[in-house]
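Order-wise, the sequence lines are chains A and B. Quick note: the first sequence uses our numbering, first residue 1, plus one each step. Quick note: the second sequence uses our numbering, first residue 1, plus one each step.
Hints may contain errors.
[Unchecked claim] Heads up, simulated BS3-like pairs for lysine-lysine below, C-alpha to C-alpha not over 30 Å straight-line: (1) B:Lys55 x B:Lys70; (2) A:Lys1 x B:Lys13; (3) A:Lys1 x B:Lys55.
Keep in mind the hints are simulated off the structure, nothing from the lab.
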Amino acid sequence: KNQVEQSPQSLIILEGKNCTLQCNYTVSPFSNLRWYKQDTGRGPVSLTIMTFSENTKSNGRYTATLDADTKQSSLHITASQLSDSASYICVVSARSNTGKLIFGQGTTLQVKP
Amino acid sequence: DVKVTQSSRYLVKRTGEKVFLECVQDMDHENMFWYRQDPGLGLRLIYFSYDVKMKEKGDIPEGYSVSREKKERFSLILESASTNQTSMYLCASADPYPGSYGYTFGSGTRLTVV
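Please work from the sequences and hints to get the whole structure.
Below is the structure:
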């Protein structure tokens with residue numbers, strides 16, 4: 001069964017600190033993995049997308065890694081800011097032509113001053 | 001940038017009403033999707049469409065229908081709204097190719113059924 005699991009479920013950190021969010025998946029055949037940021041009451045916004053051959057991708061203070069052998073991904077946030085408070089969703093796409101995605105439950109990050 | 005526009009941010013409807021949620025995309029994408037998002041359950045696919053007048057059921061289609069009369073517009077219909085359909089509804093669109101980078105969500109519609 002295609003599944004995406006994220007950990008931790010929620011996280012509280014102090015402003016300026018770094019943190020790492022985890023994503024494990026069992027999607028096959030694998031096409032790509034995306035990380036989305038979702039502010040409260042808004043739609044998800046794409047942070048990074050990685051295909052099978054990519055193992056690191058950065059977007060400002062966000063760095064995603066992908067290990068296709070172990071089927072694990074992480075999202076590292078550097079020097080956190082209050083505006084980083086949001087839900088972070090890991091999404092994996094199976095290889096198909098319809099664009100269907102398998103979603104993780106998300107990690108809720110709260111950055112405190 | 002791809003824009004996916006959902007017609008309402010917030011909506012309050014009464015039980016039994018027929019509800020239309022509209023979604024429009026401006027990138028000529030062939031695939032469009034409707035999800036609902038509930039705490040603890042994540043995003044769940046209701047319906048998707050891969051072409052005009054084509055539709056496919058997702059994981060939770062019961063109580064919903066969809067309409068895709070034009071490529072850019074995908075409507076979600078609640079024939080008779082019920083309180084358990086209170087949720088955040090998200091529309092998305094994507095181009096059709098495997099490994100597509102062009103998957104974009106709208107801002108969401110928070111529907112409350114009273």
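Check each numbered hint from earlier against the structure, then list the numbers of those it violates in ascending order.
Hint 2 alone not satisfied by this model.
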